[in-house]
Amino acid sequence: MILLQNTRIASENSPVLVEGDVLIVDGIIQQIGPGLAVPEGARVIDARGRILMPAMFDAHVHFRAPGFENKETITTGSEAAINGGVTGVVMMPNTRPAIDSAAVVSTVLESAKRKSRIPVYTSGCVTKDREGKELAEIDGMRLLGVTMLTDDGDTTGDPAVLLRAMQYATEFGMFFASHCEVPELAGPRALNEGVMSYRLGIKGSPACAEEIIIDRDIRLARAAGAHVHIQHVSSKMGMETIKWWKSRGDVKVTAEVAPHHLLFTEEHIGDYDTNYKMNPPLRTQADCDALLEGLKEGVFDLIATDHAPHTPFEKAQDFISAPNGITGLETALVSLYHFFVRPEKFGWDLVVKRYSAEPRRLMGLPVPTIEVGQPAECLLFDTEAETTFTKEFMKSKSQNTPFINQTLQGRVDVVILGSEILLEREATVAIG
Amino acid sequence: MARKDLLDIASLQREEIELLLDQSTAFKQLLISSGKKVPVLEGKSVLMLFYEPSTRTHSSFEVAAKRLSAEVTNFNVAHSSITKGESVRETIETLQAMRTDYIVVRHSRSGLPGMIARLTKASVINAGDGAHEHPTQALLDAFTIKEKFADPRGKRVLIIGDILHSRVARSTSTLLQKLGVEVAYLGPGSLVPRFGPASIRRFTNYDEAMAWGPDFVYLLRVQMERQDVQFFPTLREYHRIYGITNTRLEDIRQRGLYIMHPGPVNRGVELCDAVMDYERSLINNQAENGIAVRMAVLDWLTPGGDLPKPEPAYATRSGAAPALVMP
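Just so you know, the sequences run in chain order A and B. Sequential numbering of the first sequence, starting at 1, is according to my numbering. Sequential numbering of the second sequence, starting at 433, is according to my numbering.
Wrong hints could be hidden among the right ones.
Here are the simulated distance ranges between beta carbons [stated by the list, open to error]:
(1) B/Val661 - A/Asn70: 34 to 40 Å
(2) A/Asn70 - B/Leu451: 44 to 50 Å
(3) B/Thr636 - A/Glu267: 24 to 30 Å
(4) B/Asp583 - A/Asn70: 54 to 60 Å
(5) B/Met656 - A/Ala223: 38 to 44 Å
(6) B/Val661 - A/Ile421: 52 to 58 Å
(7) B/Ser519 - A/Asn13: 54 to 60 Å
(8) B/Lys498 - A/Glu267: 40 to 46 Å
(9) B/Ala630 - A/Pro343: 29 to 35 Å
(10) B/Asp705 - A/Ala223: 55 to 61 Å
(11) B/Ala630 - A/Asp250: 39 to 45 Å
(12) A/Asn70 - B/Gly475: 42 to 48 Å
(13) B/Gln528 - A/Pro312: 14 to 20 Å
Only part of the chain A face toward chain B is listed, based on derived beta-carbon distances under 10 Å [as the list claims (entries may be wrong)]:
(14) Glu12
(15) Gly194
(16) Gly204
Here are the simulated lysine to any residue pairs, SDA-like style, with alpha carbons at most 20 Å apart [said to hold, decoys possible]:
(17) B/Lys436 - A/Asp271
(18) B/Lys610 - A/Lys243
(19) A/Lys203 - B/Lys578
(20) A/Lys236 - A/Glu293
(21) A/Lys203 - B/Arg653
(22) B/Lys578 - B/Leu689
(23) B/Lys436 - B/Ser519
(24) A/Lys395 - A/Phe313
(25) A/Lys203 - B/Glu484
(26) A/Lys243 - A/Asp215
(27) B/Lys578 - B/Asn716
(28) A/Lys203 - B/Lys436
(29) A/Lys203 - B/His597
(30) A/Lys203 - B/Glu682
(31) A/Lys203 - B/Met656
(32) A/Lys243 - A/Arg216
(33) B/Lys610 - A/Phe313
(34) A/Lys203 - B/Gly621
(35) A/Lys203 - B/Ser622
For the record, the hints were derived by calculation from the structure and aren't laboratory data. Just so we're clear, the structure is a prediction, and the values are computed from it rather than from any experiment. C-beta: ideal position from N, C-alpha, C; glycine also.
Isolated chain B, as found in the complex (with noise of 0.2 Å):
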C-alpha cells in the first residue's frame, strides 16, 4: 500500500516497519561506500517547516534529502509555540501554490500535522509534534538497535526520564514493541503517568528498573521549562534519584549495557560527562543511522493522492472512531 504521509508509528504495520529499515540498511550502506548523491528524487522538492527550533533533526532531515538528489526549501516560520492552527493553515494554503512534493514538519502541537496533511497533496512527515509522535526517531532507534541484535525480540529496553512530554518514548516504545522489545519506562512519579500503556512496565524507583534486566538504557532529555507546574523540585536531585552517576555507569559498564540517548543531551542531568565516552554508548550511531533512516523515508512515502473535499468542514474521518453504536 502506498502510504502519502507518516504521521505516526502507531499507524505503521509490521511489514512496513520491515521494510523501511531493511531500506535504511541499503542507504546506509550507499552513505558509507560513496559521500555522491543518488537521483532517487531528482526533481522533486522537499520543503522544510519547523515551528520548533531543531538542529538535529531539522539537519539530519536536510541531508538526507540532498542526498537522494532532492531541491530543499527552508520556510522560515516564527519559533513559537504559539503558532495556532489557523496561521499554520492559511500558511498551508499558500504553500500549496510553490507545489512542494514533501512537506517535513516539527510543532509544539500535537496533532498538527496531521491537519496539515489533510490540507495538501504533498507527502507530510512529522518531524516532531508535541508530546505526540517522532516518527523517523523511533526508526532510527529501531534500527540502531537491530545493527546491535539483528534478531531483537525479547530484548529489553528501559527508557528513563519524562515519559510524559515525551514524543521520542511513545513513537520508539510503540515501534519497538511492534517489533517483539519489550520496554520499560522510568522517572518520577509526576512525569511517568499511571495511565500509560498497560503493556510498558512503569518504575520510579532505578534499582527497581535495573533488577527488571534492560539491555538498552534509553535516557530522555530532561528539561525544567517545560514544567508550568514543577514535576521535581531540581535538576540536582533529578541526576541524584534518576541520572547515570559515575557509580551507575560502572555498574551498567559491568552489565553490558548499551546506552541510548536522542539529544541533545543534558550533561549533569540525565547522565554525566562520563557516558558520552562510554564504549557502549549508542548516542553517535543513533545520530548517523538517522540520515539513512530518513532516506529510506523520503524514498518510501507516494506524494500526490487526492486533495481533500473542497469543504473539509468537520469531515468525520474515516476508522477516526468507532461507529455511533452506542449503549
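Bound-form chain A, shown alone (with noise of 0.2 Å):
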C-alpha cells in the first residue's frame, strides 16, 4: 500500500491539476481524494507541491544491446528510462547482429526481462540486417510481440522493397516506423546544410533530404493502406508535409518530434561540439519554431527522444569522425518543464498526452491514468527542486548530452510501476 498525500494530479486531459491523497493498493489506484485516512502498514509520501502524472514511455530509445555493450546495455538503458520517468521503451533493431529476426527478438526481449525493472518492447527490421534489400522474417518477429517495423538509422533506400515490406506486413497489423533521409542528399555527416555547414566546412545535409523521404513514405504507405510512422522530424516543411497529408485524412500516418529539435539550432554546434551532432541534424530556429506549433497543433502525435548513446571516446573525436546521437531519456521531461511548462508554451496536458498517452497507443498498449480502478504506472514531479545532469546523477552508460553539468528546473521524484517504487528521491520539501 502507497498513499501519496497532498498531490497535485495531471492528465491528458486538461491542464488544470487536480488536487487530493491518492492511494494504491496492489498496484491498483484505489481511492483518490481529499484527506484519505492513513491505512495501517501505507507507505506514505508526502507530495505536497508536487505533481502526479502518469509515467512517460519512450517510443524510439537505442539500448545499443547486442553488439554495442560499451555505450548501453538493457540494464542502464532502462535505469536510465527510471531515473526520467520513463516505464516503457521502444528499441530500435540497429544493434549488432541488428534486430532482424525471431532468434535475435527473443534473445532481446529474454535478456530483458531478467535485465530490466520496465517494460522494454523492441522493434524489428524491415529488411535483413538493415541493408535495404532483403525483407526480414517480419512475421517471425511478429509472433514475439513486434508491432513496430523500421530500419531506423537509415532510410529503406528501395521504395520498392518498402512498399512490398507495407503490402505484406500489413495484414499481419504491423506498421512501419521511418528514419526519413535521402541517403545520396544526406551525405554521411550529420549536420544541416547551410549557414553552419558553410562555416565550418563540412558538407551538410539539406532538409529537403528529409522531406522528400517523408512524403515519399507516406505516399507509399498510401498505396499499400498501411500505417506509417515518421520518426524524429527536424524541418519545417517535414512538419508540413506531414500536417498536408494528415489534413487529406486518407492514410494512415503519425509522427514523432524529439526534446533536442524542439531545443537546439545548428548554431549551438559552436566549434565543433561533437554533443550537438544527431542525425538528422539541428536545423534553424525557423525549424524549432514550427516544429513547436507542430506539436501543439497535434502533427506530432507524439513525443520521442532518440536515445542514442555514445562513448566519450567515440564523442571526442574530430566532429565528422564523432558518431550521430545524443542521449534523452535522463533529460527529456525536465527540459520539457523547465523549457516549455514552466514558461507556458505548453502544459501538462500536453507533456502527459505526447510523452505518456499516445506512445502507447502507437504501440497497442493499455494508457495508464491516475483514476481509481487503474493500474499505477505513474511518477512525482518536483517543479520546485532542480536536477544537476552530473556522471553521478545520470544512470544511462554514456552522457553524451549537451545537459551535461548543466542545472535545470524540475526533477523527476518518484517513480512507481504498480505495487513497487522504482525510484524515490530524498524530498526537498520537509515532511510535516
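Both chains are given apart, each in its own frame, so use the hints to dock them into the complex.
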C-alpha cells in the first residue's frame, strides 16, 4: 500500500491540476480524494507541491544491445529511463546483429526480462541487417510481439522494397516507422546544410533530404494501405508535409518529434561540439519554432527522445569522425518542464498526452491514468527542485548530451510501477 | 593575450592580425637582408604532421621553422583522407612523449586540428583542415595585398572558383573583411553556395562580377576529383565560363588588376598560361611571403599552458555554444 498525500494530479485531458491524495493498493489506484485516511501499514509519501502524472513512455530509444554494450546495455538504459520518469521503451533495431529475426528478438526480449525493471519492447527491421535489400522475417518477429518495423538509422533506400514490405506486413497488423532522409542528398555527416555547414566546412544535409522521404513514405503507405509513423522530424517543411497528409485523411500517418529538435539549433554546434551532432541534424530557429507549433497543433502525435548513447572516447573525436546521437531519457521530462511548461508554452496535459499516452497507443498498449481502478504507473514531479545532470546523477552508460553538468528546474522524484516504487529521491520539501 | 594555437582566422582579433602582419614585415626584411638563421626558436622543436599531401605549405613551414633555428621533425603519416579521429588521437598521445613545442597539422577533416589542440600542450598550427580554415594562407594573402596597398580598406577582392570546398576562400575572406576589404565570390552556382556569409557578394556570371570593380582577382584551384557528384560538367566548360582566358587577361591588364592564386595552379582550367607571365600576377609574391608570415606565426604563439583535463569526455567547451537559455 502506497499513500501519496497532497499531490496535484495531471492528465492528458486538461491543463488543470487536481489536488488530492492517492491510495495505491496492490498496484491498483484504489482511492483518490482529499484527506484520505492513512491505512495501517501504508507507505506514506508526502507529495505536497509535487505533481502526480502517468509515467512516460519512450517509443524511440537505442539500448545498443546486442553488440555495442560499451555504449549502453538494457540494464543501464532501462535504469536511465526510470531516472527520467519513463516506464516503458521501444528499442530500435540497429544493433549488431541487427534485430531482424525471431532469434534476435527473442534474445533481446529474454535479456530485457531479466535485466530491466520496466517493460522493454523492441521494433524489428524491415530488411535483413537493415540493408534495404531482402525482407526480414517479419511474421517471425510479430509472433514474439513486434509491431513496429523500421530500418531506423537509415531510410529503406529502395522504395519498391518498402512498398512490398508494407503490402506484406500490413496484413499482419504491423506498422512502419521511418527514418527519413535521401541518403544521396544527406551524405555521411549529420549537419544541416546551411550557414553552419558552410562555416565549419563540412558537407551538410539539406532539409529537403528529409522532406522528400517523409512524402515518399507516406505515399507508399497510402498505396499499400499501411500505417506509417514518421520518426524524429527535424524540419519545418517536414512537419508541414505531415500536416498536409493528415488533413487529407486518406492515409494512416503518425509522427514524433524529439526534445533536442525543439530546443537546439545548428548554431549550438559552435566550435565543432559533438554533443550537438545527431541525425537528423539540428536545423534553424525557424525549424524549432515550427516543430513546437506542430507539437501544439497535434501534427506530432508523440514526443520520443531517440536516446542514442555513445562513449566519451567516440564523442571526443573530431566532429566528422564522432558518431551521431544524443542521450535523452534522463533529461527529456525535466527539459520539457524547464523550457516549455514552466514558461507556459504548453501545459502538463500536452506532456502527458504526447510523452505518456500517445506513444502507448501507437504501440497498442494500455494507457495508464490517475483514476480509481487503474493500475498504478505514475511519477511524482517536483517543480520546486532542480536537477543537475552530473555524471553521478546519470544512470545511462553514456552521457553524450549538452545537458551534462547543466542545472535545470524540475526533478523526477518518485516513479511507481504497480506496487513497486522504482525510484524515490530524497524529498526537498520537509515532511510535516 | 598569449595564444597557444592558431586554428582559425574567425577567432582572431583585429589587433592580433595587425601585429602578425607587422611582424611578418620585420621577418621579410630579415630574410631579404641576410640568409642567416635567427635564434628565435633555438632549442625548440616543430613537428610537421601532414595527413594530406602538400608541397608548398609543408616546405614553407619547414623553411620558416629552420630559419628560426627550430628543430624540425617530419612525422610520416599515411596520406589517407580516411584517417579518422580516433587514430589521430592515438598518434597525438604518442607524440606527447616526444615533447614537441609546435605541431603543424594538415588534415582533410574539418575541425581536426582543434581536437589535437585540446589534447596537447604543444602549440598547434592549422595548415589546412578540410574545407574549414587555412589561417596562414589568409595571413600571407593579406600581407601580399598590403604590400600593394598599405591601407587596404575599401579595396575589392573577387575570389573565383570552388568556394564550397575551399578553406582558402573561407580564411582569406574572413581575414580580409576584418581588415575592411570587400570580398565577392564568383563561380558555378553549385560551388558558390547561397548559404554563404551574407556580407559577401555572390556572383555566378563573370561579366557581372567584373562590373563590381575588383582590385584583385583571386583564383582558386579547381579540381574534378573533389566531386562525388559532379558540380560542373567538364574542366573545359569551367575554363570557358570562369577561367582567365587570353581575352579576359587582356581586359584585366587594361583595368590594372592584380591576380592571386594560392597554388598549385591548374593551367588551362582557372587560368591560361599567359597569366603566369602577367606583370601584375602576385602568385610568386604569395609563395615568398608565406615564409615570413609563418616565421611570424611561430614566433608569436606560446606553447604550454594546462593540458586538458584527464577526462575530456564531452567537455562543453567554454564559448563553444550559446548558454542553454532557449525557447
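Comparing the hints with the structure gives:
1. B/Val661 - A/Asn70: 34 to 40 Å: This hint holds: roughly 35 Å between Cβ atoms.
2. A/Asn70 - B/Leu451: 44 to 50 Å: Once the Cβ atoms are compared, 47 Å apart, the range 44 to 50 Å for B/Leu451 and A/Asn70 holds.
3. B/Thr636 - A/Glu267: 24 to 30 Å: holds, 28 Å
4. B/Asp583 - A/Asn70: 54 to 60 Å: With Cβ atoms ~58 Å apart, the hint holds.
5. B/Met656 - A/Ala223: 38 to 44 Å: holds, 40 Å
6. B/Val661 - A/Ile421: 52 to 58 Å: holds, 57 Å
7. B/Ser519 - A/Asn13: 54 to 60 Å: Because 55 Å falls inside the window, the suggested range holds.
8. B/Lys498 - A/Glu267: 40 to 46 Å: holds, 42 Å
9. B/Ala630 - A/Pro343: 29 to 35 Å: holds, 31 Å
10. B/Asp705 - A/Ala223: 55 to 61 Å: For B/Asp705 and A/Ala223 the Cβ distance comes to about 59 Å; the hint holds.
11. B/Ala630 - A/Asp250: 39 to 45 Å: For B/Ala630 and A/Asp250 the Cβ distance comes to about 43 Å; the hint holds.
12. A/Asn70 - B/Gly475: 42 to 48 Å: The hint (42 to 48 Å, Cβ to Cβ) holds, given that A/Asn70 and B/Gly475 are roughly 43 Å apart.
13. B/Gln528 - A/Pro312: 14 to 20 Å: Cβ of B/Gln528 to Cβ of A/Pro312: about 19 Å, so the range 14 to 20 Å holds.
14. Glu12: violated, 22 Å
15. Gly194: holds, 5 Å
16. Gly204: holds, 8 Å
17. B/Lys436 - A/Asp271: Holds - the C-alpha atoms of A/Asp271 and B/Lys436 are around 17 Å apart, at most 20 Å.
18. B/Lys610 - A/Lys243: Answer violated: B/Lys610 to A/Lys243 is near 45 Å, above 20 Å.
19. A/Lys203 - B/Lys578: Violated: A/Lys203 and B/Lys578 sit about 33 Å apart, past 20 Å.
20. A/Lys236 - A/Glu293: Distance of about 10 Å is within 20 Å: holds.
21. A/Lys203 - B/Arg653: Status holds; Cα separation ~19 Å.
22. B/Lys578 - B/Leu689: holds, 15 Å
23. B/Lys436 - B/Ser519: violated, 23 Å
24. A/Lys395 - A/Phe313: Holds. A/Lys395 to A/Phe313 sits at ~18 Å (cutoff 20 Å).
25. A/Lys203 - B/Glu484: holds, 19 Å
26. A/Lys243 - A/Asp215: Roughly 11 Å between the alpha carbons, so the hint for A/Lys243 and A/Asp215 holds.
27. B/Lys578 - B/Asn716: holds, 15 Å
28. A/Lys203 - B/Lys436: Outside the cut-off at roughly 29 Å; violated.
29. A/Lys203 - B/His597: holds, 9 Å
30. A/Lys203 - B/Glu682: Measuring from Cα to Cα gives roughly 37 Å; hence the hint is violated.
31. A/Lys203 - B/Met656: Between A/Lys203 and B/Met656 the Cα gap is close to 17 Å, so the pair holds against 20 Å.
32. A/Lys243 - A/Arg216: holds, 14 Å
33. B/Lys610 - A/Phe313: Answer violated: B/Lys610 to A/Phe313 is near 37 Å, above 20 Å.
34. A/Lys203 - B/Gly621: holds, 16 Å
35. A/Lys203 - B/Ser622: holds, 13 Å
Violated hints for the displayed structure, listed by number in ascending order: 14, 18, 19, 23, 28, 30, 33.
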